[in-house]
Amino acid sequence: MTAMLEVRNLVKQFGHFTAVDGISFEVQRGEVLGFLGPNGAGKSTTMKMITGFLGPTAGTVTVNQIDALANPIMAKTRIGYLPEGAPAYPDMTPAAFLNFIASIRGLSSKQRRERIAAITERIELRRVMEQPIETLSKGFKRRVGLAQALLHDPEILILDEPTDGLDPNQKFQVRGLIRELAPEKAIIISTHILEEVSAVCSRALIIAHGKVVADGTPGELMGRSRFHNAVVLELKGKDQPDFETIRADLIRVPGVASVEPDGDRRVVVFPQDSATVTDGVSQLASARGWQIGAFYVDPGRMDEVFRTITQGN
Amino acid sequence: MGAMTTVFRRELAGYFATPVAWVFIVIFLLTTAAFAFYLGNFFERGQADLLSFFTYLPWLYLFLIPAIGMRLWSEERKTGTIELLLTLPISVPAAVLGKFLAAWAFVGIALALTFPFWLTVSYLGDPDHGVIVASYVGALLMAGGYLAITSCLSSLTQNQVIAFVVSTVVCFLFTVSGTPIVLDFVSGWAPDMLVDQIAGFSFITHFQSIIGGVIDLRDLVFFASLIGVWLFANMIIVEYKKFAG
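So the protein lines, in turn, are chains P and V.
Under the numbering used here, the first sequence has 69 at position 69, and the numbering climbs by one with no breaks.
Under the numbering used here, the second sequence has 162 at position 162, and the numbering climbs by one with no breaks.
For the record, the hints were derived by calculation from the structure and aren't laboratory data.
It is possible that some hints are incorrect.
BS3-like cross-link-like pairs, simulated, lysine-lysine; straight-line CA separation at most 30 angstroms [as the list claims (entries may be wrong)]:
| id | chain 1 | residue 1 | chain 2 | residue 2 |
| --- | --- | --- | --- | --- |
| 1 | P | LYS138 | V | LYS78 |
| 2 | P | LYS171 | V | LYS78 |
| 3 | P | LYS211 | V | LYS242 |
| 4 | V | LYS242 | P | LYS236 |
| 5 | V | LYS241 | P | LYS138 |
| 6 | V | LYS78 | V | LYS241 |
| 7 | V | LYS242 | P | LYS110 |
Starting from the given sequences, assemble the full structure and let the hints guide the process.
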């Protein structure tokens with residue numbers, strides 16, 4: 001299967017500053033690729049180069065086998081793009097704005113009406129269609145930007161922080177929309193909300209200082225966490241043994257590497273080499289008669305993986 | 001072509017979506033009238049022509065056209081919509097032309113609304129309508145020249161005030177390049193040929209020969225190629241900024 005979007009050794013220099021330093025990746029149909037990284041890591045710059053807003057210093061972008069640098073207009077017809085901050089002409093209404101975009105995209109007036117009606121229904125834009133965009137709330141502005149990107153039903157969707165500025169309900173809705181669109185499209189989203197990666201992405205790239213520093217499924221990235229497969233134990237009741245006593249017991253369970261406190265009542269039991277230690281820990285707990293308030297296996301902590309990878313410590 | 005028309009329509013509608021269009025048209029009509037009647041002595045001259053109206057047009061253009069054109073590209077940069085526009089399937093030349101033509105059409109509308117002057121002289125006397133038509137064509141072409149300069153310079157900055165001021169200064173130099181203000185500055189050291197060249201760039205010289213009733217192809221070619229050169233530079237700047245960031 002050939003990739004829907006292929007990026008090879010993309011470089012962008014602004015004067016002496018290298019914003020993107022040799023990024024390569026592929027996105028297949030059906031994939032939702034998450035760009036993760038600290039601010040200024042080069043996520044947006046990479047997106048701007050893929051969509052043709054910035055010209056790369058070096059490297060290639062191939063959109064469904066079209067060389068995007070040689071045939072920018074052809075490539076642009078295949079891409080739907082939500083730029084950072086969802087810019088839109090402030091004195092236009094969403095109705096006029098979406099009509100403008102659809103018209104530039106070459107949709108016939110019948111297609112235009114149908115697509116605009118379907119999309120504004122889907123992302124609940126109907127009741128603000130006749131208000132100037134500058135008077136809309138941040139959430140509505142973002143949704144106008146999303147509608148604009150989806151109008152021509154593109155094969156490739158590139159969304160720069162699609163849920164920024166949305167309330168939790170709207171975030172949930174947009175993530176649902178992305179998952180719904182995913183099977184038919186190749187999608188890239190950038191975000192710095194880590195939970196979003198597990199929620200919608202099938203794969204994530206962690207980008208730092210203009211380079212890809214990690215590439216894998218959310219599960220694989222979580223597997224890199226030192227919390228991965230650790231057992232978290234919460235004790236309840238008043239007369240519990242102190243942490244040192246518990247630790248001394250737990251450390252003798254086969255496969256346990258170390259034991260650390262986590263807050264007042266929680267204890268994290270780290271296994272050696274991600275081994276499974278649940279059985280040993282639960283047997284010990286019942287043998288000692290500890291009253292267990294919570295007991296679970298940690299899948300790994302994305303924020304910890306993110307910090308470790310991007311800060312290198 | 002379709003995309004260019006779409007940009008043209010959006011841009012032209014944009015002028016009328018805000019009070020800008022109405023403010024501009026009212027001020028344009030009031031000032032042309034004031035210039036024609038007070039400075040141009042429209043009635044005292046006792047001539048059935050529009051010379052007193054057209055003579056002062058370059059000076060009005062000098063401020064009003066940069067005010068119309070300053071937003072063309074700088075506002076797109078300021079609001080970030082340029083990123084939207086340039087990632088849509090439209091070529092840079094089509095975007096530049098669509099925007100320019102919309103602003104030009106808007107100036108054309110304002111110019112067309114000065115028709116009561118024409119009606120007045122037709123009522124009062126028997127003017128040479130051929131000269132008046134030629135003068136209007138010249139006035140529109142000259143507006144295109146000022147506008148192309150402004151459009152090009154507005155693509156260099158996201159600040160509309162800077163776009164306005166720099167455009168006004170450049171337009172001023174083109175307006176007066178046939179007068180001593182510019183010529184005295186160069187004639188001391190530059191060869192005569194260069195001085196003649198610079199004088200040849202004067203909007204006023206070319207425009208005056210048109211409104212004087214002499215339709216010389218060279219005057220038309222001058223304005224047309226001036227528009228072409230500045231718009232070409234405009235396209236280069238928009239394209240170049242993609243790589244410079």
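To see whether the hints hold, each was checked on the structure:
1. P:LYS138 with V:LYS78: It holds: about 18 angstroms lies between the C-alpha atoms, which stays within 30 angstroms.
2. P:LYS171 with V:LYS78: holds, 28 angstroms
3. P:LYS211 with V:LYS242: With Cα atoms ~21 angstroms apart, LYS211 of chain P and LYS242 of chain V stay inside 30 angstroms; holds.
4. V:LYS242 with P:LYS236: Answer violated: LYS242 of chain V to LYS236 of chain P is near 61 angstroms, above 30 angstroms.
5. V:LYS241 with P:LYS138: holds, 29 angstroms
6. V:LYS78 with V:LYS241: Holds: LYS78 of chain V and LYS241 of chain V sit about 14 angstroms apart, inside 30 angstroms.
7. V:LYS242 with P:LYS110: violated, 35 angstroms
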